[in-house]
Amino acid sequence: MRKLHFHPCGNFNERYEQELTIFETDFGRTSLAAGLVILFAVVPYASGPYLLYVLNIAAITAIAAIGLNILIGFTGQLSLGHGAFFGVGAYAAAILSTEVGFPFLLAVPSAGLITAMVGTLFGLPSWRLKGLYLTIATLAGQFIIEYLLVHWEGLTKGTMGIVLPGISIFGVAFDTDRSFFYIAYTCLIIMTLVAVNLMRTSYGRAFIAIRDNDRAAEGMGIPILSYKLLSFAISSFYAGVAGALWAYYMISITAEPFNLGLSVEYIAMVIIGGLGSIAGSIYGALFIVGLNEGLRWLTGILMSVDMLSAVGFSMAPLREIAFGAAIVLFILLEPRGLAEVWRIIRSNFRLWPFSY
Amino acid sequence: MEFFIQLLVNGISIGFLYGLAAMGFVMIFKSSSVLNFAHGELMALGAFVFLVLIGWAELPIYVAFPLALAGSFILGFVVERLFLRPLIGEPLIYVIMLTVGLASIFKGIMLFIWGGNLYTFPDFLPAGLAIHWGSINIPPVYVVSVIIGLIFLMLFGLFFKYSSQGIYMRSVADNQPAALSLGVHVRKVFALSWAIAALVAGMSGIVLGTINGINVHDLSSIGLKVFPVVILGGLDSIGGAVIGGIIIGLLETFTGGYLSTSLRDVVPYIALVFILMVKPYGLFGLVEIERV
Numbered sequence: 028m029r030k031l032h033f034h035p036c037g038n039f040n041e042r043y044e045q046e047l048t049i050f051e052t053d054f055g056r057t058s059l060a061a062g063l064v065i066l067f068a069v070v071p072y073a074s075g076p077y078l079l080y081v082l083n084i085a086a087i088t089a090i091a092a093i094g095l096n097i098l099i100g101f102t103g104q105l106s107l108g109h110g111a112f113f114g115v116g117a118y119a120a121a122i123l124s125t126e127v128g129f130p131f132l133l134a135v136p137s138a139g140l141i142t143a144m145v146g147t148l149f150g151l152p153s154w155r156l157k158g159l160y161l162t163i164a165t166l167a168g169q170f171i172i173e174y175l176l177v178h179w180e181g182l183t184k185g186t187m188g189i190v191l192p193g194i195s196i197f198g199v200a201f202d203t204d205r206s207f208f209y210i211a212y213t214c215l216i217i218m219t220l221v222a223v224n225l226m227r228t229s230y231g232r233a234f235i236a237i238r239d240n241d242r243a244a245e246g247m248g249i250p251i252l253s254y255k256l257l258s259f260a261i262s263s264f265y266a267g268v269a270g271a272l273w274a275y276y277m278i279s280i281t282a283e284p285f286n287l288g289l290s291v292e293y294i295a296m297v298i299i300g301g302l303g304s305i306a307g308s309i310y311g312a313l314f315i316v317g318l319n320e321g322l323r324w325l326t327g328i329l330m331s332v333d334m335l336s337a338v339g340f341s342m343a344p345l346r347e348i349a350f351g352a353a354i355v356l357f358i359l360l361e362p363r364g365l366a367e368v369w370r371i372i373r374s375n376f377r378l379w380p381f382s383y
Numbered sequence: 054m055e056f057f058i059q060l061l062v063n064g065i066s067i068g069f070l071y072g073l074a075a076m077g078f079v080m081i082f083k084s085s086s087v088l089n090f091a092h093g094e095l096m097a098l099g100a101f102v103f104l105v106l107i108g109w110a111e112l113p114i115y116v117a118f119p120l121a122l123a124g125s126f127i128l129g130f131v132v133e134r135l136f137l138r139p140l141i142g143e144p145l146i147y148v149i150m151l152t153v154g155l156a157s158i159f160k161g162i163m164l165f166i167w168g169g170n171l172y173t174f175p176d177f178l179p180a181g182l183a184i185h186w187g188s189i190n191i192p193p194v195y196v197v198s199v200i201i202g203l204i205f206l207m208l209f210g211l212f213f214k215y216s217s218q219g220i221y222m223r224s225v226a227d228n229q230p231a232a233l234s235l236g237v238h239v240r241k242v243f244a245l246s247w248a249i250a251a252l253v254a255g256m257s258g259i260v261l262g263t264i265n266g267i268n269v270h271d272l273s274s275i276g277l278k279v280f281p282v283v284i285l286g287g288l289d290s291i292g293g294a295v296i297g298g299i300i301i302g303l304l305e306t307f308t309g310g311y312l313s314t315s316l317r318d319v320v321p322y323i324a325l326v327f328i329l330m331v332k333p334y335g336l337f338g339l340v341e342i343e344r345v
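Protein sequence lines correspond, in order, to chains A and B.
At the far end of the first sequence sits residue 383, using the working numbering, and the numbering has no gaps.
At the far end of the second sequence sits residue 345, using the working numbering, and the numbering has no gaps.
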């Protein structure tokens, strides 16, 4: 057996492979493996139905947030349409499973592919636009998709919504929160692995080159339009898969949740988690989902206080204020997000207990 | 024919309102290249402050109006000082998201105080301003908005062309390091442009509130409608903002009148995408020349 790797007290990398490695130390590898075992063997049985629901939502959200981070954090294209793409994925899964009769295992990837196509279409303006102008073009995409979801009644049944069949894989029904937990987290792990490894390939490096300076990237022989479109496609594929899972989990869907607010929420996750960090997207998703649920819990408590409900104390504004304050504080105090906070904490323990 | 002319007149007057709302937006972009997502909320705040002054404190309009504008001016100044200044030199996405966060906070505070209800100003415009011309009717508010729009357009034109502060602003927008090295006080320019922009936003909020009533959600959604307007005109052209506003206003009223009312709110964005494909920097925007 080879010797276990621990953190050296400096950067002693000699080859590029060492820079690219996912796990710097065997400690990271083993603790991740242990974490996964705990996640799958202990967590679903130790937590109640409400906590399971929150965890499932967090996993779905994290998949979509990873997709957006590929687009914003790695390719540098700021998109305000991610919420709408999430909706496209949800509707694609709903329509495929009810009208066409696709089974779950086929419907989710197909929904992802359809969303990827839609995303590429709305990424086309990046052919000529960049920066703020592109952002506004994606904002236009958000409003156009939102309109179509509500008003293309032949396809989406408008405000009636669509009811999905239950999930069954090879005849086994996955109809409880606990069984969905396994589906959601398996998807999250696969999607995370794909994303992490994608960023280590030439494609990922091309994305990063485009983010840092697209003219220079073009000069170095990267066809920037096709790579930008590819990034839009990958990012919307993630949104589509997440949307499809969400639709199956929610059982019935309407067009309402997929508004600009959702898109903004995803950007907030990516920023709070850390731009250009796959793990950061997961932290960000956990943070925002946790914030939402925490505020709901707080609302419940405050509403039961008679004195406050007597004066017509409304709690909806509190959510807006807390959400805005979280974004503002993160940007002002730690712009690189939770991923950076975690890195700092880790590096404090690097030479523990002999840090001096 | 009459229907057509009435729509035309409506479209132009609504367009002027959009242009007015967009002006403050362009103001910020022109000096600091910040896309301000909190613009609708600044408009709503101005309108609510005016509402408090005129409705609750019962001040006469010639006191309340300048006071509300002064309040907006100070608010813009404070926002720049507290939130935007630490971000000078940071990547664009942080600045944009900061304004999104601010928008959320402002909206929450306003919902907290005033709730989601619809308020109206007491009637203060003289009815004599209304224009009747055959069967065509233009209510006084629209006349006032056109007049205010023209006045501000002229003021801004002169300000940017002749006043030294305006020239500083243009120089900062053009090239920040060069302006710094020539002794322009860049931070002062940013602070001033935010203050002026908030003032203009407050004013357009008051005008819009007079027409549609004051509601947090309505006014902040108009803040989003500013985007197609400014992009159409070019993000850094104040005249373009007004023309873009008129184009969007006409598009909206004609689709609303002839096609369907539900399509009304999407049409600006569809037009926006197509125009941007042909002219990526809007109709009157400055084409950025990039060097690697």
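No lab work stands behind these hints, which were simulated from the structure alone.
This one's a predicted model, so the numbers in the text were calculated from it and none came from an experiment.
There's no promise every hint is true.
To be verified - Restricting the straight-line Cα-Cα distance to at most 25 Å, the calculated cross-link-like pairs of lysine to aspartate or glutamate (DMTMM-like) are:
| id | chain 1 | residue 1 | chain 2 | residue 2 |
| --- | --- | --- | --- | --- |
| 1 | A | K184 | A | E126 |
| 2 | B | K332 | A | E126 |
| 3 | B | K214 | B | E143 |
| 4 | B | K332 | B | D271 |
| 5 | B | K241 | B | D318 |
| 6 | A | K184 | A | E283 |
| 7 | B | K332 | B | D318 |
| 8 | A | K184 | B | E143 |
| 9 | B | K278 | A | E126 |
Stated by the list, open to error - Derived coverage of chain B by chain A (criterion: at least 3 residues anywhere in the stretch with Cβ under 8 Å from a Cβ of chain A; other residues may be distant):
| id | region |
| --- | --- |
| 10 | 142-153 |
| 11 | 225-237 |
In this text, a Cβ means the ideal position worked out from N, Cα and C, and glycines have one as well.
Okay, the hints, checked on the actual structure:
no., hint, in the structure
1, K184/A <-> E126/A, "12 Å, holds"
2, K332/B <-> E126/A, "41 Å, violated"
3, K214/B <-> E143/B, "29 Å, violated"
4, K332/B <-> D271/B, "30 Å, violated"
5, K241/B <-> D318/B, "38 Å, violated"
6, K184/A <-> E283/A, "13 Å, holds"
7, K332/B <-> D318/B, "22 Å, holds"
8, K184/A <-> E143/B, "45 Å, violated"
9, K278/B <-> E126/A, "36 Å, violated"
10, 142-153, "holds (count 8)"
11, 225-237, "violated (count 0)"
Hint violations for this structure: numbers 2, 3, 4, 5, 8, 9, 11, all remaining hints satisfied.
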